[in-house]
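Visitor: Sequence:
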Amino acid sequence: MSNVLRIESVRIHPGSATREEAMKEAADLLQATGSVTEAYFAAMQQREETVSTYMGNELAIPHGTNETKQAILASGLSVVRYDGGVDWGGEPVTFVIGIAGKGDEHLEILSQIAILFSEEDDVARLKAASSPEELYEALAGSVNA
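In my numbering, the protein residues as written are 127 to 271.
Certain hints may be false.
[As the list claims (entries may be wrong)] When the alpha-carbon atoms are kept at most 25 Å apart in a straight line, the in silico DSS-like pairs for lysine-lysine are as follows:
(1) Lys150 to Lys195
(2) Lys253 to Lys228
(3) Lys228 to Lys150
(4) Lys150 to Lys253
The hints are simulated quantities; they were obtained by calculation from the structure and are not laboratory data.
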């Protein structure tokens with residue numbers, strides 16, 4: 127499960143986005159690296175209709191459903207920071223981390239992200255990153271095992 131996060135999958139936007147736009151960007155970034163097929167965005171939407179992927183601490187982790195695992199080609203992550211925020215079903219989100227896990231790998235990836243975002247100092251450090259490269263460096267050590 128090495129290098130699930132690549133530099134080209136990390137973005138920082140000064141403005142805001144809708145939940146739908148944020149999920150689409152997360153899915154598009156995963157698709158661009160060959161992690162998922164274009165069907166994965168619909169899988170993310172299905173998951174969101176069932177249960178919110180808002181995790182607290184300004185984080186949402188949109189991902190597909192178990193029924194749509196065939197849309198996952200390889201484990202991968204996309205990270206987008208919206209400095210203007212995203213209204214995630216009434217919750218304020220700054221970080222949208224798209225996740226695709228082959229087999230059960232998503233569980234390990236999710237636990238690494240959860241640990242990182244449970245610390246307010248770490249979240250502040252991620253918010254302070256001034257470039258996608260800096261944000262990537264701050265995340266890669268935790269998620270690229």
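Visitor: Against each hint, give a clear statement of whether it holds in the structure.
Guide: Hint-by-hint comparison with the structure:
| no. | hint | verdict |
| --- | --- | --- |
| 1 | Lys150 to Lys195 | holds, 18 Å |
| 2 | Lys253 to Lys228 | violated, 29 Å |
| 3 | Lys228 to Lys150 | holds, 20 Å |
| 4 | Lys150 to Lys253 | holds, 22 Å |
Comparing the model with each numbered hint stated earlier shows that hint 2 is the single one that does not hold.
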